[in-house]
Amino acid sequence: MLKIQIPTPLRQYAGKQAAVEVKGSTVAEALNSLVRLHPDLKRHLYTDDGKLRAFVNVYVNDEDIRYLEKEATQLKENDNISIVPSIAGGSREAGMNSRSARTLIRQMICPTVCCPACCCCQ
Amino acid sequence: MNSAQPGAEPAASPITCVLMLKIYQPLHDSLRRHSEETYPHECCGVLLGQIADGGRVVTSIARCGNTRDDSPRNRYHIDPRELIRIQREGRDRGEDIVGFYHSHPDHPPHWSQTDFAEAHWYGCSYVITSVVQGKAQATRSFELTGNDETEKRFVDESIEVAPEPMGRMP
Chain A
1 MLKIQIPTPL
11 RQYAGKQAAV
21 EVKGSTVAEA
31 LNSLVRLHPD
41 LKRHLYTDDG
51 KLRAFVNVYV
61 NDEDIRYLEK
71 EATQLKENDN
81 ISIVPSIAGG
91 SREAGMNSRS
101 ARTLIRQMIC
111 PTVCCPACCC
121 CQ
Chain B
1 MNSAQPGAEP
11 AASPITCVLM
21 LKIYQPLHDS
31 LRRHSEETYP
41 HECCGVLLGQ
51 IADGGRVVTS
61 IARCGNTRDD
71 SPRNRYHIDP
81 RELIRIQREG
91 RDRGEDIVGF
101 YHSHPDHPPH
111 WSQTDFAEAH
121 WYGCSYVITS
131 VVQGKAQATR
141 SFELTGNDET
151 EKRFVDESIE
161 VAPEPMGRMP
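These protein sequence lines map, in sequence, to chains A and B.
Just so it is clear: in the first sequence, position 83 is 83 by this note's numbering, and no numbers are missing.
Just so it is clear: in the second sequence, position 63 is 63 by this note's numbering, and no numbers are missing.
No wet-lab data here; the hints were simulated from the structure.
Predicted model, so just to flag it, every value in this text is computed and none were measured.
Among the hints, erroneous ones may be present.
[Said to hold, decoys possible] Here's a subset of chain A near chain B, in silico, CB distances under 7 Å, partners left out: (1) Tyr46; (2) Ser82; (3) Ala88.
[To be verified] Now the in silico label distances, taken between C-beta atoms and shown as ranges: (4) Lys76(A) to Asp29(B): 29 to 37 Å; (5) Glu77(A) to Gln25(B): 41 to 49 Å; (6) Pro165(B) to Leu37(A): 20 to 28 Å; (7) Asp62(A) to Lys135(B): 14 to 22 Å; (8) Arg85(B) to Lys16(A): 20 to 28 Å; (9) Gln133(B) to Arg53(A): 35 to 43 Å; (10) Gln74(A) to Arg93(B): 30 to 38 Å; (11) Glu21(A) to Ala52(B): 46 to 54 Å; (12) Glu160(B) to Glu77(A): 44 to 52 Å; (13) Gly15(A) to Ala52(B): 13 to 21 Å; (14) Gln133(B) to Leu37(A): 46 to 54 Å; (15) Pro165(B) to Gln12(A): 39 to 47 Å; (16) Glu29(A) to Pro165(B): 41 to 49 Å; (17) Ser71(B) to Glu77(A): 40 to 48 Å.
No residue lacks a Cβ here, since even glycine has one placed at the ideal position from N, Cα and C.
So that you can see chain B by itself, here it is in the shape it has in the complex (with noise of 0.2 Å):
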């Protein structure tokens, strides 16, 4: 597995991806659609489904508002309430939160410093969403690994596009 560096797009680096996370197409289209339809503000939501041995299968996905109206170009935050009705909500239908999306107007689609300091949900997948000029560039997923704020590590993992939807991991 690689960790990879923050503020700009390793596309030198190799990168190994052996954490996965698979979503149906119409969500992922959907997530980037969002990303658009925000610009030039960051866009968030939550991704549910399962999370299973070797990765995360996303059933759907719930949009969020953006609370930081102060910054809201680069900055983004979810209402703790609002995420509280989101997994309520996913409870009641078998889904558990398996990650989180964002996007990056105007900066690549990787994690910056800020992505990692606020991150503490281990083991879930932070997406992020390039967007320049309006458009939806690449969208990639991080997983954040560890147990605690002392060993934390954002992983690069693969997306898995699924052109069928997807019930629960067997």
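Chain A extracted, bound-state conformation (with noise of 0.2 Å):
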């Protein structure tokens, strides 16, 4: 048997379990029993066109899926297939220029003060 991990969000489509055991030769296979056993759990891994979605990292022991075959990467009895949403993220918002991102720091430093050449800025 296959053990697939899921993680803390998905686990109330996968009946409140951390891991799913499961059979398969191939990760394609090995994720669609998944999904046989936990219906709820397909949109959530694929999208409507029924490719993974970009977000939803899979990880056979520590390797990425991406780069090995796939979905087609061949799995061995006992391999620990993982789920993983990315973390990521970040300060500055998508498409702040650095003159915004100045303004914002001085905002946060001087408050009150009307800047460009207050005394927290020079």
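Could you fit the two chains together into a complex? Lean on the hints.
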């Protein structure tokens, strides 16, 4: 049997289990087996046209399937598959230019003074 | 519940917090210290503990490296392999991933559109510490509510910093 680790936000669609045992000789078969067991998982893992969502990382043991054979990656008995939604972000808004970022910083440091040349910003 | 707007501290808007993140004081101090140590770059890490009705209890944190070498002052990304290891080690201790933290160097402690677009762990807390000129300022937390990409929202939640260590929620 293979074990698929389910991340916290998706457990509610997998019978509240942290891991689900499935069968399959490839990643695609294992994931198909998973969504047959737990159909509510499907829309969280796949787009409407059947592709794995971009933010859903699938690892076999410690290897990203994107760098193996993707969903055609062959599996061995006792392989551990992990579904890991990506963790990323950052302070700057997409499209914020450096001038608006500087203005925001000035307002944080010196919220009451109208820059450009107050004591905080020189 | 209020869903907040990105980009600026919503000081004038009333914040109604019914959600809560409970965290032991030294862990809270540690994630804030992490934000100062990596300044002017963003820090990032994982919150582990238990999810229960009404909130999340953090019983340990795991510092992570920021893989965004191209733009570390205003972007962060956690290597999924690091996350898998942290998840595995947490599981061995009886802990689940309940949230994440990162810093906003010289930016407000409020989620950005980038944070929102990249957030996919529904039901988890996203903790943000503002760091100004190397000093940690406010730390705030937002729960990613909703069940999918179309209905997700960040909702303010209060942070209860506990002076004593916390075990599992009853």
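Status of the hints after comparison with the structure:
About 12 Å separates the beta-carbon of Tyr46(A) from the nearest beta-carbon of chain B, more than 7 Å, and the hint is not met. The closest approach between the C-beta of Ser82(A) and any C-beta of chain B is roughly 5 Å, which is under the 7 Å cut-off, so the hint is satisfied. Residue-level restraint check for Ala88(A) holds (minimum Cβ-Cβ distance to chain B is 4 Å; threshold 7 Å). Distance hint check: the CB atoms of Lys76(A) and Asp29(B) are about 44 Å apart, inconsistent with the given range 29 to 37 Å.
Between Glu77(A) and Gln25(B) the beta carbon distance is about 46 Å. The supplied range of 41 to 49 Å therefore holds. Look at Pro165(B) against Leu37(A): about 38 Å separates their beta carbons, and that is not inside 20 to 28 Å. Our hint of 14 to 22 Å for Asp62(A) and Lys135(B) is violated, since their Cβ atoms are close to 37 Å apart. Checked against the given bound of 20 to 28 Å, the beta carbons of Arg85(B) and Lys16(A), roughly 23 Å apart, stay inside it.
About 39 Å separates the C-beta atoms of Gln133(B) and Arg53(A), a value consistent with the hinted range of 35 to 43 Å. With their beta carbons about 33 Å apart, Gln74(A) and Arg93(B) fall inside the hinted range of 30 to 38 Å. Separated by about 27 Å at the C-beta atoms, Glu21(A) and Ala52(B) break the suggested range of 46 to 54 Å. Against the hinted window of 44 to 52 Å, the Cβ-Cβ separation of Glu160(B) and Glu77(A) comes to about 46 Å, which satisfies the hint.
For Gly15(A) and Ala52(B), the Cβ-Cβ distance of about 19 Å falls inside the hinted range of 13 to 21 Å, so the restraint holds. For the pair Gln133(B) and Leu37(A), the supplied restraint of 46 to 54 Å holds, since their beta-carbon distance comes to about 53 Å. The supplied range of 39 to 47 Å is broken by Pro165(B) and Gln12(A), whose beta-carbon atoms lie about 28 Å from each other. Here the CB-CB span from Glu29(A) to Pro165(B) is close to 44 Å, well matched to the stated 41 to 49 Å.
One distance hint, 40 to 48 Å for the beta-carbon pair Ser71(B) and Glu77(A), holds here, with the actual separation near 42 Å.
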